[in-house]
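Each protein sequence line maps, in turn, to chains H and X.
In this text, residue positions in the first sequence follow our numbering: the first is 1, and each later residue adds one.
In this text, residue positions in the second sequence follow our numbering: the first is 1, and each later residue adds one.
For the record, the hints were derived by calculation from the structure and aren't laboratory data.
Mixed in with the good hints there might be a few duds.
[Stated by the list, open to error] To give an idea of the chain H side of the interface with chain X (calculated C-beta under 8 Å), a few residues:
id, residue
1, LEU55
2, ALA78
3, VAL114
Think of the CB as a built atom: it goes at the ideal place given N, C-alpha and C, for glycine as much as any other residue.
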Amino acid sequence: MAPGTSPGATSGLVQRATMRRVDDVPALLLALERLVRADSRGPGFAGAIAIGVQLRMRTCWWIAHCAGDEIATSFADAAPLVDAWILLDEDAADRAVRGAPLEVARAGGDLSVVERLAGRYAPPVSWLESRARGNT
Amino acid sequence: VTTTIATNITYAAALTRALGGRDAKNVDDSTLAHATIDAARTLNVAPDVFIANVAQLAQRSSLKELVRAQQLASVDALLGANASSMAANVSRALAHLGTAMKAFVHPPAPSLSWDPGLLQKKAPLDVKGPLAGSPFSSLSEAHEAIKKAKSDDSTFLITRTLAGFCVWRYSESRMGQADLHELDTKSLPVQSWLVDSRGNTGALAHDGTLKRGPLIDTVHGPSAGLPTVVAREQVNHGENLRFTPKMAFRPGTNIDELAAILKYVHEHLPPGTKVKAGGSLHSWSSVAATNGVFIHPEGMKSIDALPRTGGPGDVYRADAKRENLVRVGSGTTVRELNRVLWEQMGKSLPVLGGFDGQTLGGVLPTGTHGSVLKHGPLAEMIRSMDFVRADGTKVRIERPPGLTDPVAFQRAHPDMQLVQDATSFNAAIVHMGTMGVVHSMVLEAVPKFHMNEVRTVTTLDDVKRVLSNGGVYRVMDTDTPVTTSGPHFGNGHPDRAYHMEVLINAHSQKAAITTRQPVHLDKEPANLGERPGRDIIRALQLGDQFTRPVLPTWLSEHASRLLGFIGTVPLVPSTAKMVVDASIDSLKDDAYTQRSYNVFHIGDGANAIPALSSTMFVPLKGDTYLKAVDILQRTAKEFAAETGKYQTGPISMRFVKGSEALMAPGKGEDVCSFELIFAGGTPHAEQMTRRYYEALKRELGSDVTFHWGQLNPGQSADDVKAAYPGAESFKRVRRDMDPSGMFLGEEQQKFFGA
Chain H
1 MAPGTSPGAT SGLVQRATMR RVDDVPALLL ALERLVRADS RGPGFAGAIA IGVQLRMRTC
61 WWIAHCAGDE IATSFADAAP LVDAWILLDE DAADRAVRGA PLEVARAGGD LSVVERLAGR
121 YAPPVSWLES RARGNT
Chain X
1 VTTTIATNIT YAAALTRALG GRDAKNVDDS TLAHATIDAA RTLNVAPDVF IANVAQLAQR
61 SSLKELVRAQ QLASVDALLG ANASSMAANV SRALAHLGTA MKAFVHPPAP SLSWDPGLLQ
121 KKAPLDVKGP LAGSPFSSLS EAHEAIKKAK SDDSTFLITR TLAGFCVWRY SESRMGQADL
181 HELDTKSLPV QSWLVDSRGN TGALAHDGTL KRGPLIDTVH GPSAGLPTVV AREQVNHGEN
241 LRFTPKMAFR PGTNIDELAA ILKYVHEHLP PGTKVKAGGS LHSWSSVAAT NGVFIHPEGM
301 KSIDALPRTG GPGDVYRADA KRENLVRVGS GTTVRELNRV LWEQMGKSLP VLGGFDGQTL
361 GGVLPTGTHG SVLKHGPLAE MIRSMDFVRA DGTKVRIERP PGLTDPVAFQ RAHPDMQLVQ
421 DATSFNAAIV HMGTMGVVHS MVLEAVPKFH MNEVRTVTTL DDVKRVLSNG GVYRVMDTDT
481 PVTTSGPHFG NGHPDRAYHM EVLINAHSQK AAITTRQPVH LDKEPANLGE RPGRDIIRAL
541 QLGDQFTRPV LPTWLSEHAS RLLGFIGTVP LVPSTAKMVV DASIDSLKDD AYTQRSYNVF
601 HIGDGANAIP ALSSTMFVPL KGDTYLKAVD ILQRTAKEFA AETGKYQTGP ISMRFVKGSE
661 ALMAPGKGED VCSFELIFAG GTPHAEQMTR RYYEALKREL GSDVTFHWGQ LNPGQSADDV
721 KAAYPGAESF KRVRRDMDPS GMFLGEEQQK FFGA
């Protein structure tokens, strides 16, 4: 974890005021939330990751704190401090929701956390993997 | 343990609010799930985290599943009929993420050029691609690979990527052997290491220069080498503000350390990360609060006289008068500077506020002021400011023609920009921490002087009688010509006071007049330089003339918490006005002579009380400020009648010369400041402050301005625009320094954002 990061930290007036309701969150992030929420099993790895969409006036982030069996997610405008982050522009996010590959504009942090998230929530590539994930 | 208990209490209270006061035990699971989601949102935590922290919820085994289902349903409702296919698309997109990330794992090779000097022209080296095995997991592995691949016609560059240490090979065969110091490193990433064809190694320092020497294999992440400190919760003096940054740094006196920190934030942390430089946490406003990156000021302490003309390190104009100038680090406190100025340089600051514990980086850019009509806000003492901008670049800002010689400066600091421009300077001196991080400043002091203080108690009617019809210009020393004579305060007060302050009670006729006048002392008594009132025995030895009244001083030193409590006594709220009257009465003193900085200082005891305060400014012109006195008293009376609550401290009136700073109060004209003081913990302080502000604004319009370092009285972005004609120019300069808004706090974003 990067120095000073603190998953789930809540104190501070700035953070409190930046919590977003879900009704103005880009579809890509909502779909990500749905993907994760619809899966009753935990992520199976530990780490904090943020996926952001750069909008015209602000950046909206989906933040996931993964801790083995648990995953806590939230949306925020304030930039999170996490183990890894990726940022997409608005058009790329729209295209991804319609089935295009993710085109990452900027990224930072520990790539292995991104790989784990992608590996966990991407569709299984084989029957065996599917069984291993318990999604049969 | 305390934090955990506090968290549990906060969470439980949020849940009770979301349930409309009902007990969680008495509601069904579905209602409880809805309330949990709402409460978690108000506290900005994930519902799962919220549930884990509330005992009543953690026991409801099915709740987590219900919350998850409700969250899923709300997301589905927003995504519509295609929710499931969109999620499937995103899942497939994630499968391609690995491919997408490759561009970040293997970024294009940085361009590297060779500048051999006189004999040959500067030219780019040919990149031969990444070395086999890149990226390596450690710097030493990368170095080993270079050793194996080493040849006498190649230069190697190691850069830190997301995946590890990438080694690039560059060819120089047609040009001869490039030596390490001839390689141009300006465009290289912050974390780069070079190995030239002779095997010389060097690490790129944060100032862009190469540090020769062996490779160091202790790098763990891009922030390695930066002065990182543990990020802890910060609580301000008034105890009305708490925040916990996620990362914290403590840079030292070398500006390059600060530049490296900001460059790191700019290049490695997610866009939108906020940065705030802290001071002494004396401010009541959120001016320095952040839950992003916090820069601690303590390491940036320095006090240096300017170098003599033509001496080593001299970059100043030869004709600049330097005898009263001093360069101070932004982490230096006013107290530290006062002592050094007096004892080592024979100087004083010409004007000060009532407290001396703030850092200069905090007290000056917030527009803090004294009560001397010959001087504007303390920031007017600034002659030059060294900033680090949002991208980590360094800039010095001065009012033209400027103290610094541009040619000498460029020679000595080629990596630093010099801006000698009036608008930029007038924006910078009162910038509320929104333009960058100040590293150091040059201030103009004056020869040291003692002052005598006189305090008398009178009535508000008497104050108005003396001050009406421009009377403030008769009783205060000012640059404004005065042609008429009129009533004075008498009773030992000077005819025209250098400093004058009026303390009034919002709920009574009681008022105290404090005047302070420079005096000449042939010989300073021993121990006079010690802090006033710290030692009652010393105070008694020195005698009346050199000490403030002993009993109130002792009480405020030793019973400050008690005094603060008395001010908020909840049983009989109206006692508050009697306590304020009594404290005003206790101030009477016919003479107190001390070093100037000890007279400006109102006393440690008074400052130790965790008071809350908000300051509003009203012009002196046309006695507008005397109308404001009536408005404030009328509002206090109405508020007390409506709510049964009183102001739990006095109102301090001080007088400040107009300033050219774009965000200073008063639109360039002389002002009276009204500091509305409440004992710490007064629950209605903010509510009453807002009522005061609304009333003043209603009757005096945009003439009412406010103090950036104190409680926000409720001003809107439109109020700021109307009250500060220079606000648009300020925004332009600010954007140049910080295009992405890295230094804008949440409230500041509202005032100065895009």
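Going through the hints against the structure:
Against a cut-off of 8 Å between C-beta atoms, the interface hint on LEU55(H) is violated, since the closest Cβ of chain X lies about 11 Å away. A least Cβ separation of about 7 Å between ALA78(H) and chain X falls short of the 8 Å threshold, and the interface hint therefore holds. Interface hint status for VAL114(H): upheld, as the beta-carbon distance to the closest one in chain X is roughly 6 Å, under 8 Å.
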